[in-house]
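Undergrad: Each chain, written out:
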Amino acid sequence: AQTVTQSQPEMSVQEAETVTLSCTYDTSESDYYLFWYKQPPSRQMILVIRQEAYKQQNATENRFSVNFQKAAKSFSLKISDSQLGDAAMYFCAYRSATGTASKLTFGTGTRLQVTL
Amino acid sequence: DTGVSQDPRHKITKRGQNVTFRCDPISEHNRLYWYRQTLGQGPEFLTYFQNEAQLEKSRLLSDRFSAERPKGSFSTLEIQRTEQGDSAMYLCASSLRVTTNEKLFFGSGTQLSVL
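If you read the sequences in order, they're chains R and S. Going by the numbering used here, 16 is the number at position 16 of the first sequence; the sequence numbering is gapless. Going by the numbering used here, 83 is the number at position 83 of the second sequence; the sequence numbering is gapless.
If you are wondering where the hints come from, they were derived from the structure by calculation, not from laboratory data. Glycine is no exception: its CB is placed at the ideal position from the N, C-alpha and C atoms. Worth double-checking, as some hints may not be accurate.
[What the hints assert, rightly or not] If we take Cβ atoms under 8 Å as the criterion, some of the chain R residues that face chain S in the derived model are:
no., residue
1, Q44
2, L47
3, F91
4, F106
This is chain S alone, in the form it adopts within the complex (with noise of 0.2 Å):
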């Protein structure tokens, strides 16, 4: 068990460049979720998937932003002509869903700085 594994940890662009995170799960678990945590506050649901079913998005989600899950193994992150505003950590988390005690296990997050 190597843990939840996120890439990069850090990442600048310029305003209305787009972005790419990558998030790596722990190995044979079923479900993935994306949270955004801004300077100051929790994290907040984004999404997440069931394998490689994309089950729910949050009204965070604008349309710049798109999330996969290929194979249902790792999953991406894609922001497309970023905004100041999407300055943020970008946290994944992986979960073995069997019964309701499901247990998250979060990555280390993605930081992202938008100039």
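Next up, chain R with everything else stripped away, as it sits in the complex (with noise of 0.2 Å):
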């Protein structure tokens, strides 16, 4: 079974700042997607960044890009100039490439905190 580790559970970030999220994982599989989901006080999921794992190139979506290390099982979340808007749980998460249903597995988590 696939894992997915968040070892930072609050992290906190300075207005304009950059901040990056650590997320690891355990597969066994050479097949799959990994992907950073927001979730803020609201509580709905919101997907942040998808990469998919036959991809070299590292993911970016404008503010938010990742650092994808296939080998070292590591995909961590770089946030560049942070924004007060920011500030919310964000959760990594895994798919296998196997199946066409998207059930992912989560990580535990972690809260980014945003100051003036």
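Fit chain to chain and form the complex, with the hints in mind.
TA: Here you go:
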């Protein structure tokens, strides 16, 4: 079974600064997808960024980028120019490429605080 | 696009009672998922539907849990004889399955407290 580990329960960043959230995972599969989701106080999970394991290029979405290290099974999220609205719980998630269902395995989350 | 809607937002019940939650997916989304999130944890997959067919159920879904999606539209999740361990947030997500690039759209969840 796949596992996802987020070792940082809480992180803090000043507005306009950069922060990196860590995620490691364990799998015996070679083809899979990785995700970062944001969960604000409204509780709705929002997709931040997605990475396909077969792609060597790191995914980027505006101020959000990932550092995907397949051999190390590491998938960190970098948030640049942090904004107050970035404050939320961030979850790393794994999905096998086998099968068609989006059965995601989530980590335990990192709470990000953004300070002035 | 009004997003995924879940009702109720909060539910408090006594142990042993039955509860039912409703999820209205984004219209025309053919897939609907249920996840459960306990305090301090990430969501865990429970079950999913493609149209009206329930295609997979997690081992987390005991016999006291039943989910339906009549006519492939809204879905209900019923928990019978609730236990304190059922206290959690129940999240619904929907998607339009066309390619492998499936994107889930989540609702805001139903927070269940079993006293």
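Undergrad: Against each hint, give a clear statement of whether it holds in the structure.
TA: Results for each hint:
1. Q44: Given a least distance of 5 Å, the restraint on Q44 of chain R holds.
2. L47: 6 Å, holds
3. F91: 5 Å, holds
4. F106: 3 Å, holds
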